[in-house]
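Chains as they are written, first to last, in our numbering: chain V, 9 to 385; chain Z, 9 to 385; chain U, 9 to 385; chain Y, 9 to 385.
Just so you know, the hints here were simulated from the structure itself, not pulled from any lab data. Careful: at least some of the hints might be erroneous.
[Unchecked claim] Partial chain Z-side listing against chain V, Cβ under 7 Å, derived:
{"#": "1", "residue": "L48"}
{"#": "2", "residue": "A229"}
{"#": "3", "residue": "L251"}
{"#": "4", "residue": "G270"}
{"#": "5", "residue": "T280"}
{"#": "6", "residue": "A285"}
{"#": "7", "residue": "Y299"}
{"#": "8", "residue": "N301"}
[As the list claims (entries may be wrong)] Where chain Z lies over chain V, by a calculated footprint (3+ residues, C-beta under 8 Å):
{"#": "9", "segment": "34-43"}
{"#": "10", "segment": "177-183"}
{"#": "11", "segment": "218-227"}
{"#": "12", "segment": "256-269"}
{"#": "13", "segment": "277-285"}
{"#": "14", "segment": "372-383"}
[Claimed, not checked] Coverage of chain U stretches by chain Y, computed from C-beta distances (three or more under 8 Å per stretch; other residues unrestricted):
{"#": "15", "segment": "61-69"}
{"#": "16", "segment": "219-227"}
{"#": "17", "segment": "259-269"}
{"#": "18", "segment": "282-295"}
{"#": "19", "segment": "320-332"}
The beta carbon of each residue, even a glycine, is placed where N, CA and C say it ideally should be.
4 protein chains.
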Amino acid sequence: MTQKQVRIGLIGVGFVARCHLYGYRAMPAVFPDSAALPVLELVCDAGDALAAQAAARYGFRRSTGDWRKLVTDRDVDVVDICVPSNLHREIALAAIAAGKHLYAEKPVGLDAREAAEIAKAAAKAGIRHLTGYTYLRNPLVGLAKKLIDEGAIGRIVHFRGAHNEDYLADPQAPFIWRCDPAIAGKAGALGDIGSHIIAIARHLVGEFGAVCGMARTVYAARPTAPGAAQTRAVGNDDEAQFLVIFANGAAGHIETSRIATGSPMDITYEITGTEGAIQFDGERMNELRLYSNRDPADRRGFRRIYAGPEHPPYGSFSPGTAHGLGFNDHKVIEVHELMQLVAADKPPLTDLADAAAIARILDAALTSAAEQRWVTL
Amino acid sequence: MTQKQVRIGLIGVGFVARCHLYGYRAMPAVFPDSAALPVLELVCDAGDALAAQAAARYGFRRSTGDWRKLVTDRDVDVVDICVPSNLHREIALAAIAAGKHLYAEKPVGLDAREAAEIAKAAAKAGIRHLTGYTYLRNPLVGLAKKLIDEGAIGRIVHFRGAHNEDYLADPQAPFIWRCDPAIAGKAGALGDIGSHIIAIARHLVGEFGAVCGMARTVYAARPTAPGAAQTRAVGNDDEAQFLVIFANGAAGHIETSRIATGSPMDITYEITGTEGAIQFDGERMNELRLYSNRDPADRRGFRRIYAGPEHPPYGSFSPGTAHGLGFNDHKVIEVHELMQLVAADKPPLTDLADAAAIARILDAALTSAAEQRWVTL
Amino acid sequence: MTQKQVRIGLIGVGFVARCHLYGYRAMPAVFPDSAALPVLELVCDAGDALAAQAAARYGFRRSTGDWRKLVTDRDVDVVDICVPSNLHREIALAAIAAGKHLYAEKPVGLDAREAAEIAKAAAKAGIRHLTGYTYLRNPLVGLAKKLIDEGAIGRIVHFRGAHNEDYLADPQAPFIWRCDPAIAGKAGALGDIGSHIIAIARHLVGEFGAVCGMARTVYAARPTAPGAAQTRAVGNDDEAQFLVIFANGAAGHIETSRIATGSPMDITYEITGTEGAIQFDGERMNELRLYSNRDPADRRGFRRIYAGPEHPPYGSFSPGTAHGLGFNDHKVIEVHELMQLVAADKPPLTDLADAAAIARILDAALTSAAEQRWVTL
Amino acid sequence: MTQKQVRIGLIGVGFVARCHLYGYRAMPAVFPDSAALPVLELVCDAGDALAAQAAARYGFRRSTGDWRKLVTDRDVDVVDICVPSNLHREIALAAIAAGKHLYAEKPVGLDAREAAEIAKAAAKAGIRHLTGYTYLRNPLVGLAKKLIDEGAIGRIVHFRGAHNEDYLADPQAPFIWRCDPAIAGKAGALGDIGSHIIAIARHLVGEFGAVCGMARTVYAARPTAPGAAQTRAVGNDDEAQFLVIFANGAAGHIETSRIATGSPMDITYEITGTEGAIQFDGERMNELRLYSNRDPADRRGFRRIYAGPEHPPYGSFSPGTAHGLGFNDHKVIEVHELMQLVAADKPPLTDLADAAAIARILDAALTSAAEQRWVTL
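Full structure from sequences and hints, please.
In structure tokens form, the structure reads like this:
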């Protein structure tokens, strides 16, 4: 292999780290012509023993129990941050100070202030950075963007977005770190998954002008462990929703819930324009629906477009339409983006500046809910 | 026929009157055991000539160009009001004064004040009355209600409702009376179709506690006629949406649009409970989807239930599941309800009291939008 | 009303007669400009008492217990035959001999021989006749036909058709007359419902060239009544299927079942052409899906077209797309066709000649199944 | 890493080889506890130069232009055959003779005779073998199997299966090796993709008893290259279909097409039982629909079950239901199966014996089509 090697230092080995690993592993099979290939150089978990175990299990060359060693390791090119939000700031600033590139999971930091601080430091240091807004990597988001930019649906009038999941729909589901604002931030479902649909809205419609919403903790306390009698108070929202006015005048509504019984992956966007409309449903992630009022009147209707080679970079996965990508393939695409960013300075779909902008919207939505009023961005 | 005959006096012969006629005509074939049968006694249109023409065309015994004659005609039992909202108050009060029963199209009156006045007069006079919230007559609304009442989805946490249509999606579509607040009321799309989804929300979830929303006229002016250069200012909302807190604590969102490109009949409700969920989409009006978390974990999912004989009064239309009802069948059911109301004093699904309650919600939504704040009901 | 009156003599008052009644009743509200209006003149049921009861119940002027009187009654213009197949021949021939027009439910007669005999007699007598292939009256069949005739999908390569229902899916469902070949004919599910999808195939693709199939009685015997210990042998097919070569060279497959657990109304057609494709699913009878390979490559897909005013005669029911027609609306359209046929000599979508052609296909399919070989038509 | 290493020798680097590579690459991230990990030891392509290039591109340690060297290479544990069918026999027999384990793409060999010869040799030699019937690896096939085995749908009455694609739907699409019977076998679409749905039918319903079908070359000749004037005769079927009687008495129909305009990935199965039904559609590969007649009568319906952790091995990919697997994930699962087979002797879902059984069905279907008669297996 004559390709450049990009040495990854991964911090944290939970759910999302596993998705990153999938991306690192599968990427070379999908993008053999990538400007660079990732190398699993160093992994950090809580303590040397666990870290060593993770290295063995996932195929890293080396391990450490101390993230400070990782961010300054001279054989690490990219620091990949897969830890809860409360640790983002310190780690990110240290990595930036060490001149490392950053691959940061969303939402970056505990709130808008932290996200802005990190983004500013990165910009000042000139390092390269990518924020992992997974669902933006779906090739059909690319198609939606292209259609909108081409004018296929005219001027955007309305945006309806949702990211609902059911991972805490069971009232007896135990307290997890995402319920703790000190670790996950004041935005609960809103920060965890609402941020994804906000990212998509910004990407497809544009900047947010003002929001007015509500946020609620539906299950006030949860068992500390499965079946435990002891409970712990949930400190952030189980569900949130808000009205939006976009800077370009479009109206919108965004909702999110982690207690949406029956909706394991309801990441939905419906964009109504003056001449057409676009619809997407995350439970059917390989389909985009397009309506055009330019079709003859007797045969107008939403057409169900399956992801295919015409929707880059789908063609790198398969030459056949509707073969279907999976959730983890988002991360394969994201890792490829990371390689192109680090090795060839190609800008990613979302970086720390986007993360900071999204964090401001999250804060505005929470303020709006707390004070029961519209908040201008 | 030994059944009682209920003599109808119809005022107005536009679109919705045609639907009523369908109901009057088809009802006896569907409900041969109805307590009464409608008789097309008297029709009123603008002027004697047009009225006579309508009588001939639609099979009424007699006609008149003067609605005052109709509401006092001694051979009329029920006054059926199918005229625009600005005429509701005067006609309804006169009919009530004459002791006639009322079949009133929605939304009753120009605003909450008028609706309340009419409802109060009717209650005082003791006449029988039915308000035509068409979509509530879908047998699947009955199933949804039964499931909720039985506890099949637990406690309701969230309601998402929409009634979007595209009848003014074309910016060149000419000005119609529904765009004129003096005729249709200050609520545009909100009053015309938003009222339907509000009616369903009230029926299934319960009373509204507070709302906060926005309402917009997207196309400020429209041609006065197809292709005309002259335009006329549109005086009410093309689209509106609002957040809701229901009296029982459930959260919700309701949206409506008459410019929803690609959505000719998007009357949607999605009700999330603590133990299940219900979904309905008006473009597939013969299906209700139900999710239950009591199903075994490996086979949980929304089941698509087709309307069938188990969902009264579907069985009066067909013994076969999924044979399918159509839009006009709503009115067949509604007319049957009217017959049972007038002849057997069986209470209807929606009457003038409901109309008044819905009108209050419409007013609150508009106030909230105008003043950009939450409004308590 | 200045319109011609067409006086109906109805024989039989079972399920399908109820659908005809719906048609007769609702038609004038939907088609006020029809060349004629139906009059419920005379009804015949088994015995004078039952007939009188039916007349009172359904609003006929007169009744009789003797169909021979009905077919020769001088105030009857159209004889409407809604009795089981074994009675078709005798009644139809008598009605033709009396110079009556015929409205005959499908499949006409017990077999191809009887259907041909009736069709021949009708042709010779010059009476007007319509055969009630209900589902052909869906406006979307009209759209499919238009699209095919226009070349929108190119040359037809493949047809897949099904009409599956579940009305006998329960093995304990009692024996009904449709299980008795002496009454319903040798074709069980095939004759009852398979004939519908054959009718659609003929209409959209063309004449059948050869068939090869199988037909099976899955539940050999059924209780004679609900819960009865005594059973009776089922004498015709519960399910049947066959391969087809159409005269124009297209290949196809047609299947039918009356024991299709979970499929109450699976009347499906999928037509694949060289440049596009069409799909229809009877459980969503207001949608047709169209694929065109002339769309740009990055946005090809089946578009979901809702029935609307562009698809005659839908506009007579509603000015709004996706308002939705119901099962009984097929018969409203069919009755209008009957009126136009009788009063204005406009040819119907299906007449006795079609019935005879379909009966020949049914016979060929059964022969093919019995002799396990291809049969040329 | 203490896991066993299984050294792969891959022959052929076309489309399906790319899918295998994806599987080899991603597997360790998904199944870190696998009994073994694959090592990309040796790759063979047509000529040393191309092979070296493939090795560099895809990360193999070594390369060779001669498959005979690969199959006898002492550092190869598994020979992975990704070449066209005409080369299967010679390579497989040589690999077996050399004592290598086999990972053989479907359909194995040119016909039933070759498939049987290879299967027999493998059995005799005692080597381990897996045949890559990709779609069987979908976790939802596992759920379908479990549901059937549990009796959730009662006794199977009917199976409808299809594998339609559109990769040659364009008549101007050039001739490919799959059109040449000398390379791909006499079964065209039938062998390439029809074999997949046959594999699923066998897995879920059981052995085939008899078949009767037809097979057609719709486009007799194709350009030799894109836009070329010169054409070459297509030597096998573009579409095929057949009726089936399964050994257990169930009836069925199977169809396949490579010219199915609009259907890029229509791999469908619909299984009707006496007490329920199962439906799957490959264009929505993360959903299975289940109907049970044990649900209460007023809420029966097909439930849409999304793949989730309850459906092994989905949980190894994600803890979240409906996160979605993609086409290439089938091969990740398949490679894991291969590792468990080679390192722990766990039997795979499909091996050479299955391949031989399927090849017999393909031959029977072609014979049946050629001789226009039923063929017993």
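Now the hints, each set against the structure:
1. The interface hint given for Z/L48 is broken, as the beta carbon of that residue sits about 34 Å from the closest beta carbon of chain V, more than 7 Å.
2. Taken as an interface hint, Z/A229 does not check out: its beta carbon lies about 15 Å from the nearest beta carbon of chain V, beyond 7 Å.
3. Satisfaction of the interface hint for Z/L251 is found here, the shortest Cβ-Cβ separation to chain V being roughly 6 Å, below the 7 Å cut-off.
4. The closest approach between the C-beta of Z/G270 and any C-beta of chain V is roughly 3 Å, which is under the 7 Å cut-off, so the hint is satisfied.
5. A least Cβ separation of about 6 Å between Z/T280 and chain V falls short of the 7 Å threshold, and the interface hint therefore holds.
6. Using the Cβ-Cβ criterion of 7 Å, the hint placing Z/A285 at the interface with chain V is satisfied: the shortest such distance is roughly 4 Å.
7. With 7 Å as the threshold, the beta carbon of Z/Y299 comes within range of chain V, its nearest partner Cβ sitting at about 3 Å, so the hint holds.
8. A cut of 7 Å between beta carbons decides the hint on Z/N301: the least distance to chain V is about 6 Å, and the hint holds.
9. Only residues whose beta carbon comes within less than 8 Å of a beta carbon in chain Z count, and the segment 34-43 of chain V has 0; fewer than three means the coverage is violated.
10. Counting residues of the segment 177-183 of chain V whose beta carbon lies closer than 8 Å to any beta carbon of chain Z gives 3, which meets the minimum of three for the stated coverage.
11. With a cut-off of 8 Å between beta carbons, the segment 218-227 of chain V has 5 residues touching chain Z; three or more are needed, and the interface restraint holds.
12. Against chain Z, the segment 256-269 of chain V contributes 7 residues with a C-beta closer than 8 Å to a partner C-beta. That satisfies the three-residue criterion, and the hint holds.
13. Taking a C-beta to C-beta cut-off of 8 Å, the segment 277-285 of chain V contributes 6 residues in contact with chain Z, enough for the three needed, and the coverage statement holds.
14. Counting residues of the segment 372-383 of chain V whose C-beta sits closer than 8 Å to any C-beta of chain Z gives 3, which meets the bar of three, so the coverage hint holds.
15. Against chain Y, the segment 61-69 of chain U contributes 0 residues with a C-beta closer than 8 Å to a partner C-beta. That does not satisfy the three-residue criterion, and the hint is violated.
16. Here's how the segment 219-227 of chain U fares: 5 of its residues keep a CB closer than 8 Å to some CB of chain Y, so the rule of at least three is met and the hint holds.
17. Under the rule that three or more residues need a Cβ within less than 8 Å of chain Y, the assignment of the segment 259-269 of chain U holds, with 7 such residues.
18. Coverage of a stretch by a chain is defined here by at least three residues with a beta carbon nearer than 8 Å to that chain's beta carbons; for the segment 282-295 of chain U and chain Y the count is 4, and the condition holds.
19. Interface restraint, the segment 320-332 of chain U with chain Y: violated (0 residues with C-beta to C-beta distance below 8 Å; minimum three).
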